[in-house]
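Please build the complete structure, drawing on both the sequences and the hints.
These protein sequence lines map, in sequence, to chains A and B. Heads up: the first sequence runs through residues 1 to 287, numbered per full-length UniProt numbering. Heads up: the second sequence runs through residues 1 to 198, numbered per full-length UniProt numbering.
No lab work stands behind these hints: they were computed from the structure. Glycine included, C-beta positions come from ideal geometry on N, C-alpha and C. Incorrect hints may appear among the rest.
[Unchecked claim] DSS-like, lysine-lysine: derived pairs with alpha carbons at most 30 angstroms apart: (1) B:K94 <-> A:K186; (2) A:K182 <-> B:K59; (3) A:K23 <-> A:K88; (4) B:K84 <-> B:K70; (5) A:K188 <-> B:K59; (6) A:K186 <-> B:K54; (7) B:K6 <-> A:K186; (8) B:K185 <-> B:K84; (9) B:K59 <-> B:K84; (10) A:K182 <-> B:K6; (11) B:K54 <-> B:K84; (12) B:K94 <-> A:K188; (13) A:K182 <-> B:K172; (14) B:K84 <-> A:K182; (15) B:K70 <-> A:K182; (16) A:K188 <-> B:K84; (17) B:K185 <-> B:K6; (18) B:K172 <-> B:K94; (19) B:K91 <-> A:K182.
[To be verified] Not the full set, but computed from the structure, chain A residues with beta-carbon under 8 angstroms of chain B: (20) A175; (21) Y177; (22) I180; (23) G185.
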Amino acid sequence: MIQNLHVRKKEENRFSLNRRQRKLVTSIVAAIVLLGVVVVGALLDEERIATNLIARNLAPSFDHLFGTDWLGRDMFARTIMGLSLSVKVGLIGAIGSTSIALILGMAAATMGRVADRLISWLIDLFLSVPHLVTLILIAFTLGGGFKGIVIGLVLTHWPSLARVIRAEVMQIRSAEYVQISKQLGKSKGWIAVHHILPHLTPQILIGFMLMFPHVILHESAVTFIGLGLSPHEPAIGIILSESMKYLSAGMWWLAFYPGLCLLMIVQTFDRIGENLRLLLDPSKSND
Amino acid sequence: MRLEAKNIGFRYGNGPWLFQHTNLTVEPGEIVGLTGPSGRGKTTFCRILSGYEKPPEGKVTIGGLPIISKGMHPVQLVFQHPEKAVNPRWKMGKVLNEGGRPDLELLDLLGIEQEWLTRWPGELSGGELQRFCVARALGAGTRFLIADEMTTMLDAITQAQIWHAVIEIARKREMGIIVVSHEAKLVERLCHRVIELH
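So, in structure tokens, the structure goes:
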């Protein structure tokens, strides 16, 4: 009996991974899921969400996994396409915002006191107003649509990351090896690229990963209230706001599945970012 | 090409003067010791000489001309803590070549092994790192070397090896050296003359 137990334990050990490896595996799986959503969403053609008035208001079944809406459109295809669009918007928004944060953070820390004052003031200004309010304002001013919402997202999500980068650069700038580099005749630009940038990679990567879900949720929120993407596009925010009217008629699946999928995508990205942070941070490498 | 510091004074902001009217002349090939109790501005004076700090008073010249701030500074400073003087995200090969490619003879003299060049700074000991810092400071354009407590934290054997190498190179290149140290024996042994900072 005891021997039996022992043998089984040994067998389990052969396949068990340590926590670091497990984090790496979950991150890769999560990345594949995200990529899959984008690819499938891009491959699905418009015919899948064509109106089919014979198959209206069907509850979820094996023919229509997420049911159909009041125009007979397959909700599964709509949801996947919506998610794909959301991921795309999130990616553009997060990349743009991260770039702004990097440029402004570096500029604040290296271009003298006046630039620092100005940029710090700008950061405080943007942080003092909730994201969503500025985002709505910018998206509305630019006339909504894909362009408006993306520019709005890019212009509103950078401040906290910019602040982190500024602080980090200030710390590295005063390091001895940077001062030595200056005395060895290296230019400011060379020092920024070779000395400072390598130290910022983890901050940038993780800032980007954590910004992504924010961006997606805000995109959906703005689209939900009708200031974002145009109604004929299959965005999650639009699906949710349209199905609001039909919820009271008992068609719960119209909002339930798309909302759940959006939450899952956001959660997946958040998980990747969190894992990356733990994997890259030297002081947390043993957790 | 002598290094001259004339009438140097230093203070932080509008605080009291740390030192004033300080003069120093170092001839090429000369080794000068600089001693004195802690907190009297030895390191600050060295930082002024090597261009890390701008003095509020006085000026530093080489061969009678002010030092051009662009390009490699002819006066190079080696710090006390090599761990802080090396970028932890660079491999040692890149650290070594930052101020130009040092020749193999110099590396041999300092006891730097080729194998170390592919390692990260965290994988070398303090003494090994300090050799890299010395090699980096001894670039082609260096006319004067300032060793600010350069070997204080090293064991006697490593100290001897590094100083042997540095002195040999200084003799060959007619390079002046300023040695800052609390160790009276070391300063006495190395230097042609010793200046005490009060």
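Have a go at the A:A175 hint: is there a Cβ in chain B nearer than 8 angstroms to its own Cβ?
-> 7 angstroms, holds
Does A:K188 pair with B:K59 here, judged by a C-alpha cut-off of 30 angstroms?
-> 25 angstroms, holds
Is the hinted pair B:K54 and B:K84 satisfied, with a Cα-Cα distance of at most 30 angstroms?
-> Judged against 30 angstroms, a Cα distance of about 22 angstroms means the pair holds.
Is the Cα-Cα distance between B:K94 and A:K186 30 angstroms or less?
-> Holds. B:K94 to A:K186 sits at ~14 angstroms (cutoff 30 angstroms).
Quickly compare the C-alpha distance for B:K185 and B:K6 to 30 angstroms and report which way the hint goes.
-> 29 angstroms, holds
Within a Cα-Cα threshold of 30 angstroms, do A:K188 and B:K84 meet the stated pairing?
-> 20 angstroms, holds
Take a quick look at whether A:K182 and B:K6 sit within 30 angstroms of each other, Cα to Cα.
-> 24 angstroms, holds
Measure nothing beyond the straight line between the CA atoms of B:K70 and A:K182; if it is 30 angstroms or shorter, mark the hint as holding.
-> 9 angstroms, holds
Restraint status (C-alpha distance of B:K59 to B:K84 at most 30 angstroms) | 28 angstroms, holds
Does B:K91 pair with A:K182 here, judged by a C-alpha cut-off of 30 angstroms?
-> 19 angstroms, holds
B:K185 paired with B:K84 [C-alpha distance capped at 30 angstroms] | Within the cut-off at roughly 27 angstroms; holds.
Pair hint A:K23 and A:K88, alpha-carbon separation not exceeding 30 angstroms | Satisfied, since the Cα-Cα distance of roughly 25 angstroms is no more than 30 angstroms.
The earlier numbered hints are all upheld by this structure, with none contradicted.
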